[in-house]
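Number of protein chains: 2
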Amino acid sequence: MNKLPDIGSNFAEWYQEVLVQAEVIDASPTKGCFVIRPYGYAMWEGIQQELDKKIKALGVQNAYFPLLIPEAFLKKEAKHIEGFSPELAVVTHGGGNKLEEPLVVRPTSETIIYHMFAKWITSWRDLPLSINQWANVVRWEMRTRPFVRSLEFLWQEGHTAHATHEEAVTMATNALAMYKDLYENYLAVPAIAGVKSESERFAGADQTYTVEGLMQDGKALQMCTSHVLAQSFPASFDVNYQDKDGTVKVPHCTSWGFTTRSVGALIMTHGDGNGLIMPPRVAPIQVVIVPIFKTDEERTAILAKVRGIKKDLDAQGVRCVLDDDETKTPGAKFFHWELRGVPVRVEMGPKDLVSNNVVLVNRIETDKAKKKSVVSADNLVSSVTDLLQTIQNNLLQRARDRMRSQWHQADKLATFGPQMDANGGLYQTGWCGSPDCEAKVKEFKGTIRCLLDEKQHSTCMHCTQPSKTDILVAKAY
Amino acid sequence: MNKLPDIGSNFAEWYQEVLVQAEVIDASPTKGCFVIRPYGYAMWEGIQQELDKKIKALGVQNAYFPLLIPEAFLKKEAKHIEGFSPELAVVTHGGGNKLEEPLVVRPTSETIIYHMFAKWITSWRDLPLSINQWANVVRWEMRTRPFVRSLEFLWQEGHTAHATHEEAVTMATNALAMYKDLYENYLAVPAIAGVKSESERFAGADQTYTVEGLMQDGKALQMCTSHVLAQSFPASFDVNYQDKDGTVKVPHCTSWGFTTRSVGALIMTHGDGNGLIMPPRVAPIQVVIVPIFKTDEERTAILAKVRGIKKDLDAQGVRCVLDDDETKTPGAKFFHWELRGVPVRVEMGPKDLVSNNVVLVNRIETDKAKKKSVVSADNLVSSVTDLLQTIQNNLLQRARDRMRSQWHQADKLATFGPQMDANGGLYQTGWCGSPDCEAKVKEFKGTIRCLLDEKQHSTCMHCTQPSKTDILVAKAY
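As they're listed, the protein sequences go chains A and B. If you read the first sequence in the working numbering, its first letter stands for residue 1, the second for the next number, and so on. If you read the second sequence in the working numbering, its first letter stands for residue 1, the second for the next number, and so on.
Pulled out of the complex, with its shape left as it was, chain A reads as follows (with noise of 0.2 Å):
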């Protein structure tokens, strides 16, 4: 185990570094994808029970569909091709014979979902339709890093159909809603909503919606979207149904997904130099208990106390671990659980047997002082959830205090630009709304995370014209 990158002058690599040496990752043989781990699935598991349960919360249905897409398909609608043909993984040969038409690998499923809309919607009883899919999905990267982009990786991906414009403007904010909401209070992951500029939209929807995320490098991170697509999107697939009237209407259609690129989000906003910080909801490991003894008296009678505290800990369904591997020393061990993130620990030795207490320590204080308590072992099951709950508050505030010192109201692009450049950031500014203007924010490399809804600044950050909206100006990932 070799020492961490510095996490403040290396970010990047401490990345890396950190999830390779958590075993989250490993690298591949397949170029551009990973491993992902039993330690790093385990938070995708989490993430995927806490969301399904929401998804199913608004009516949305599982189902599953092809992976392998006719190549035709992608071509149907004009802008989805443009958008993603440079990503498209082909499959040319199946079972020896070359085949007499390519598949795709589906890089997203609304071209085989509408496919099968058009079979299923062909009245207005039939909408609003909503679908969720979880799977794989290719997209050819060149520069991959770990969950934030791979040639392949995992995700929901919901689509719906409605009747109306309004209601599919409701799906694709509800959808957001429901992200931002998992991002603060399942992950303590602060998410800023808002709307995406034309260039930056989703190829093939007339409006894209996201959540931004902003790193502890100060770059930001696009950790999720939604979309309502642009009609000719299913009209594209003959997607069309009776409506009261008798009319033939095409439906309004949503698409909105979220992947895997969470728990990159989840490991740069919290972790530290010492490792991983993993919020208490999604703790793979909540508490590791490390019983420390000398004399074979202290071994039997510490590990017969520290069993029955697990037993406890289990009962109120508190995800923990007993380190009592005894050919480490408690040091590796508190070593290798602080790399893995874990909140809490609780260490109990020979002087805490006696005065029937444990120690309790905060995986996120640095303070020695505050870092370590000693709890009564009789409330330990109580002091040790009431501590993971304030953990999980206070890396939320700590991340949104982190974000709004970073977070600058800023008027010309010219005078931000050369600091965003050089230290990242947020830079709140305003915008005209012409795309010439926009593409200037390239030049320090940063790019419109997004539109806001508030309006505090009056000109354009570059052609000093009328600020049609607030916009969000950051470099990202």
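No wet-lab data here; the hints were simulated from the structure. Please read these numbers as outputs of a predicted model, since none were measured by experiment. Hints should not be assumed to be uniformly reliable.
[As the list claims (entries may be wrong)] Below, computed lysine-lysine pairings styled on BS3-like, alpha-carbon distance capped at 30 Å:
{"#": "1", "chain 1": "A", "residue 1": "Lys31", "chain 2": "B", "residue 2": "Lys31"}
{"#": "2", "chain 1": "A", "residue 1": "Lys98", "chain 2": "B", "residue 2": "Lys31"}
{"#": "3", "chain 1": "A", "residue 1": "Lys249", "chain 2": "A", "residue 2": "Lys3"}
{"#": "4", "chain 1": "B", "residue 1": "Lys310", "chain 2": "A", "residue 2": "Lys56"}
{"#": "5", "chain 1": "B", "residue 1": "Lys351", "chain 2": "B", "residue 2": "Lys333"}
{"#": "6", "chain 1": "A", "residue 1": "Lys53", "chain 2": "B", "residue 2": "Lys305"}
{"#": "7", "chain 1": "A", "residue 1": "Lys328", "chain 2": "B", "residue 2": "Lys244"}
{"#": "8", "chain 1": "B", "residue 1": "Lys53", "chain 2": "A", "residue 2": "Lys54"}
{"#": "9", "chain 1": "A", "residue 1": "Lys468", "chain 2": "A", "residue 2": "Lys455"}
{"#": "10", "chain 1": "A", "residue 1": "Lys53", "chain 2": "B", "residue 2": "Lys53"}
{"#": "11", "chain 1": "A", "residue 1": "Lys244", "chain 2": "B", "residue 2": "Lys294"}
{"#": "12", "chain 1": "B", "residue 1": "Lys54", "chain 2": "A", "residue 2": "Lys54"}
{"#": "13", "chain 1": "A", "residue 1": "Lys75", "chain 2": "A", "residue 2": "Lys249"}
{"#": "14", "chain 1": "A", "residue 1": "Lys98", "chain 2": "B", "residue 2": "Lys305"}
{"#": "15", "chain 1": "B", "residue 1": "Lys333", "chain 2": "B", "residue 2": "Lys311"}
{"#": "16", "chain 1": "A", "residue 1": "Lys249", "chain 2": "B", "residue 2": "Lys98"}
{"#": "17", "chain 1": "B", "residue 1": "Lys54", "chain 2": "A", "residue 2": "Lys311"}
{"#": "18", "chain 1": "A", "residue 1": "Lys219", "chain 2": "A", "residue 2": "Lys75"}
{"#": "19", "chain 1": "B", "residue 1": "Lys333", "chain 2": "A", "residue 2": "Lys244"}
{"#": "20", "chain 1": "A", "residue 1": "Lys53", "chain 2": "B", "residue 2": "Lys76"}
{"#": "21", "chain 1": "B", "residue 1": "Lys53", "chain 2": "A", "residue 2": "Lys333"}
{"#": "22", "chain 1": "B", "residue 1": "Lys311", "chain 2": "B", "residue 2": "Lys294"}
{"#": "23", "chain 1": "A", "residue 1": "Lys75", "chain 2": "B", "residue 2": "Lys98"}
{"#": "24", "chain 1": "B", "residue 1": "Lys328", "chain 2": "A", "residue 2": "Lys244"}
{"#": "25", "chain 1": "A", "residue 1": "Lys56", "chain 2": "B", "residue 2": "Lys311"}
{"#": "26", "chain 1": "B", "residue 1": "Lys56", "chain 2": "A", "residue 2": "Lys311"}
{"#": "27", "chain 1": "B", "residue 1": "Lys305", "chain 2": "A", "residue 2": "Lys54"}
{"#": "28", "chain 1": "B", "residue 1": "Lys53", "chain 2": "A", "residue 2": "Lys56"}
{"#": "29", "chain 1": "A", "residue 1": "Lys54", "chain 2": "B", "residue 2": "Lys79"}
{"#": "30", "chain 1": "A", "residue 1": "Lys31", "chain 2": "B", "residue 2": "Lys76"}
{"#": "31", "chain 1": "B", "residue 1": "Lys56", "chain 2": "A", "residue 2": "Lys56"}
[Unchecked claim] Stretches of chain B that chain A covers, calculated by requiring three or more beta carbons in the stretch to come under 8 Å of a beta carbon on chain A:
{"#": "32", "segment": "58 to 68"}
{"#": "33", "segment": "87 to 99"}
{"#": "34", "segment": "169 to 181"}
Every residue gets a Cβ at the ideal spot worked out from N, C-alpha and C, and that includes glycine.
Given chain A, work out where chain B should sit, using these hints.
Then chain B, alone, in the frame of chain A:
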């Protein structure tokens, strides 16, 4: 909605048709693939949740490995590539360019997982290593049948490495026992556990264990398998470790998989002339409530009452739908939900309201006298949960009785072969162990489904030499 084909005389068409009419699957535009619609996917979700708990209870951890595997990997193990090469889908182009080395879409993941095991296993301390993956796989199939055989399917694949052969055998048989338990106690499908003959083993395995079922048309179905792999398999990927004594050894590996084929087994075991029959434990909908009324006054009173009933059932965790669609007649609703195999229907009409009763209708009974029962509305929840349990038990018993009636003790292949070819069924007989005698079974369109533990037959079915083991012979999917 058309009438279903006759289940007795035309089982294959009944199966295809019931899946479409009950909205379990739909044809897809990708040849050889099917769309799993929400009602079918909910069955798979139930199975996944149940099986995932059992897998974790065995100490196995979930992880995720890339979908696309370098082609050279499959060639490292001679028998493995021989078995799988006719079934591969090959990606030759990515991101607009021809790939230097083609990638195969995983048909199973031993090869890429062993590549990782070689990295993760270095010492005896790293064993056992037990990993599971929930994933989609692709095997190029020409003759497809929904769930039973399709180009793409969903599954879990367990992969473990152990210090000794005995431990590997224990793992493979534990996995098999877990599957058998799931089939019988969750899906109410009788399951025969046995060992495959050499010719039927997984490509690269020393031993393949199987769970076989008998469908209503008298054909056997291989419902899942587990394997002890030849040591040469991990050795081909340089998987080895240093043992306590300092010597370098190759671990003993297993793999085991359970697929969406289980949904096919479930449906082919229980369905009847009116449609699907869902065993209550896996049923996406366990109870449908149908209110019956004519006048507005009745409507108000009965809807209030059945909404209360639904609330009570929901509170007890019963998966329950209230069908209050007023555009459909009660008769149309009965038909709709019977087709979908919902095990219990609750009816309430004006007379029931007066007498404070409800009518429970049992989906699996054909005897009219037994099909309906009148119970007090006050005890409804316990009456319903009792009936669900009864139906679960009776479905398993009924399927067991059918299997028993079609399980024949047989001496000579020449005698039972024509009977099997004409009528299906299971034939327990003796076998000398020679591949020549095994090959003769094919003349009657059958195969050895598995070797059995018990020994009732002393001579081989074909050559009449002494039998080494009892076998079960059948025509199969």
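We went through each hint and held it up to the structure:
1. Distance check on the hinted pair: A:Lys31 and B:Lys31 sit about 29 Å apart at the alpha-carbon level, within 30 Å; holds.
2. Restraint check: the Cα-Cα separation between A:Lys98 and B:Lys31 comes to about 14 Å, which is no more than 30 Å; the hinted pair holds.
3. Using a Cα cut-off of 30 Å, the hinted pair A:Lys249 and A:Lys3 is violated, with the two alpha carbons roughly 62 Å apart.
4. Among the hinted pairs, B:Lys310 with A:Lys56 is consistent with the structure: their alpha-carbon atoms are about 18 Å apart, no more than 30 Å.
5. A distance of roughly 20 Å separates the Cα atoms of B:Lys351 and B:Lys333; the hinted pair therefore holds under the 30 Å criterion.
6. Straight-line distance between C-alpha atoms of A:Lys53 and B:Lys305 comes to about 28 Å, which keeps the hinted pair within the 30 Å bound.
7. For the given pair, A:Lys328 sits about 17 Å from B:Lys244 by alpha-carbon distance, which is consistent with the 30 Å threshold.
8. Distance restraint check for B:Lys53 and A:Lys54: the Cα-Cα separation of roughly 21 Å lies within the 30 Å cut-off, and the hinted pair is therefore satisfied.
9. For the given pair, A:Lys468 sits about 8 Å from A:Lys455 by alpha-carbon distance, which is consistent with the 30 Å threshold.
10. Between A:Lys53 and B:Lys53 the CA atoms are separated by roughly 18 Å; this keeps the pair inside 30 Å, and the hint holds.
11. A distance of roughly 26 Å separates the Cα atoms of A:Lys244 and B:Lys294; the hinted pair therefore holds under the 30 Å criterion.
12. Distance hint between B:Lys54 and A:Lys54 is fulfilled; the C-alpha atoms sit about 25 Å from each other, no more than 30 Å.
13. Taking the CA atoms of A:Lys75 and A:Lys249, the gap is about 23 Å. The hint holds against a cut of 30 Å.
14. A hinted pair counts as satisfied when its Cα atoms are at most 30 Å apart, and A:Lys98 with B:Lys305 does not qualify at roughly 62 Å.
15. Restraint check for B:Lys333 and B:Lys311: satisfied, since their Cα atoms lie roughly 20 Å apart, inside the 30 Å limit.
16. About 42 Å separates the Cα atoms of A:Lys249 and B:Lys98, which puts this hinted pair outside 30 Å; it is violated.
17. For the hint linking B:Lys54 to A:Lys311, the alpha-carbon distance of about 20 Å falls within 30 Å, and the restraint holds.
18. Under the criterion of a C-alpha separation no larger than 30 Å, the hint pairing A:Lys219 with A:Lys75 is inconsistent with the structure, at around 34 Å.
19. With a C-alpha separation of about 23 Å, the suggested pairing of B:Lys333 with A:Lys244 holds against the 30 Å cut-off.
20. A threshold of 30 Å between alpha carbons decides the hint, and for A:Lys53 with B:Lys76 the separation of about 43 Å lies outside it, so the pair is violated.
21. Between B:Lys53 and A:Lys333 the alpha-carbon distance is near 28 Å, which keeps this suggested pair within the 30 Å criterion.
22. For a cut-off of 30 Å, the pair hint linking B:Lys311 to B:Lys294 stands: about 24 Å separates their Cα positions.
23. Straight-line distance between C-alpha atoms of A:Lys75 and B:Lys98 comes to about 20 Å, which keeps the hinted pair within the 30 Å bound.
24. Taking the CA atoms of B:Lys328 and A:Lys244, the gap is near 17 Å; set against the 30 Å cutoff, the hint holds.
25. In summary, the hint linking A:Lys56 to B:Lys311 is supported, as the alpha carbons are separated by about 18 Å, within the 30 Å threshold.
26. Taking the CA atoms of B:Lys56 and A:Lys311, the gap is near 18 Å; set against the 30 Å cutoff, the hint holds.
27. Taking the CA atoms of B:Lys305 and A:Lys54, the gap is about 29 Å. The hint holds against a cut of 30 Å.
28. The straight-line distance between the Cα atoms of B:Lys53 and A:Lys56 is roughly 21 Å, inside the 30 Å bound, and the hint therefore holds.
29. Under the criterion of a C-alpha separation no larger than 30 Å, the hint pairing A:Lys54 with B:Lys79 is inconsistent with the structure, at around 46 Å.
30. Between A:Lys31 and B:Lys76 the CA atoms are separated by roughly 19 Å; this keeps the pair inside 30 Å, and the hint holds.
31. Taking the CA atoms of B:Lys56 and A:Lys56, the gap is about 25 Å. The hint holds against a cut of 30 Å.
32. Check on the segment 58 to 68 of chain B: 8 of its residues sit with their Cβ under 8 Å from a Cβ of chain A, so the three-residue criterion for coverage holds.
33. Given a C-beta distance limit of less than 8 Å, the hint that chain A covers the segment 87 to 99 of chain B holds, as 10 residues qualify and 3 suffice.
34. Counting residues of the segment 169 to 181 of chain B whose beta carbon lies closer than 8 Å to any beta carbon of chain A gives 0, which falls short of the minimum of three for the stated coverage.
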